[in-house]
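*Asks:* Sequence:
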Amino acid sequence: LRSRLEARVGFETQNRQEKLLSHLHTKVKDVYKTCGFDITSQPSTLFMLSELEARLEQLLEYIDAMPEQYVIKEEKEKEKKRRERKRQEQQALQDAQQEERNRKSIERSLQA
Numbered sequence: 001l002r003s004r005l006e007a008r009v010g011f012e013t014q015n016r017q018e019k020l021l022s023h024l025h026t027k028v029k030d031v032y033k034t035c036g037f038d039i040t041s042q043p044s045t046l047f048m049l050s051e052l053e054a055r056l057e058q059l060l061e062y063i064d065a066m067p068e069q070y071v072i073k074e075e076k077e078k079e080k081k082r083r084e085r086k087r088q089e090q091q092a093l094q095d096a097q098q099e100e101r102n103r104k105s106i107e108r109s110l111q112a
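In UniProt numbering, the protein residues as written are 1 to 112.
Misleading hints may appear alongside valid ones.
[To be verified] Below 27 Å or equal to it, Euclidean Cα-Cα: the simulated DSS-like pairs (lysine-lysine) are: (1) K29 / K78; (2) K73 / K86; (3) K33 / K86; (4) K27 / K86.
[Stated by the list, open to error] Using C-beta positions, here's what the derived DEER-type ranges look like: (5) E53 / E77: 50 to 60 Å; (6) T45 / R87: 41 to 51 Å; (7) Q111 / E53: 51 to 61 Å; (8) A65 / Q97: 42 to 52 Å; (9) T13 / K81: 41 to 51 Å; (10) Q58 / L24: 19 to 29 Å; (11) C35 / Q98: 36 to 46 Å; (12) G36 / E89: 19 to 29 Å.
Just so you know, the hints here were simulated from the structure itself, not pulled from any lab data. Note that the Cβ used here is the ideal one computed from N, Cα and C, for glycine as well.
Model the full assembly from the supplied sequences, consistent with the hints where possible.
*Replies:* Structure (structure tokens):
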């Protein structure tokens with residue numbers, strides 16, 4: 001009984017790890033494709049990660065070669081756009097929640 005239990009627990013742990021690795025592979029593949037790499041050859045996760053790392057290094061070197069004031073200005077602009085997008089998403093979520101509360105309130109008032 002004990003050996004069957006240990007085998008089952010080991011199988012569940014292995015199954016969970018396989019699912020996690022599969023999920024990570026899918027995420028890495030999405031990023032790899034988004035960055036313009038070719039996925040038709042079905043590269044391994046490690047290969048994709050190394051290619052992404054190399055591309056990131058190239059981009060960081062490119063940014064280092066740019067004028068510092070330009071980089072600072074563009075970073076501020078990107079951050080401003082990110083905050084605005086986040087604010088709009090938050091507002092949309094709040095609006096949806098308020099709409100749901102209003103709908104439930106109307107349903108309760110119609111039932112009474």
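*Asks:* Look at each hint and say if it fits the structure.
*Replies:* Hint check results:
1. K29 / K78: Holds. K29 to K78 sits at ~25 Å (cutoff 27 Å).
2. K73 / K86: Roughly 20 Å between the alpha carbons, so the hint for K73 and K86 holds.
3. K33 / K86: Holds, because 25 Å separates the two Cα atoms, which is no more than 27 Å.
4. K27 / K86: OK: K27 and K86 at ~22 Å, within 27 Å.
5. E53 / E77: 50 to 60 Å: 26 Å, violated
6. T45 / R87: 41 to 51 Å: Between T45 and R87, where Cβ atoms are some 35 Å apart, the hint is violated.
7. Q111 / E53: 51 to 61 Å: 59 Å, holds
8. A65 / Q97: 42 to 52 Å: 47 Å, holds
9. T13 / K81: 41 to 51 Å: Check passed, 43 Å falls within 41 to 51 Å.
10. Q58 / L24: 19 to 29 Å: At roughly 24 Å between Cβ atoms, L24 and Q58 fall inside 19 to 29 Å, so the hint holds.
11. C35 / Q98: 36 to 46 Å: 39 Å, holds
12. G36 / E89: 19 to 29 Å: Between G36 and E89, where Cβ atoms are some 27 Å apart, the hint holds.
In this structure, the earlier hints numbered 5, 6 are contradicted, and the remaining ones agree with it.
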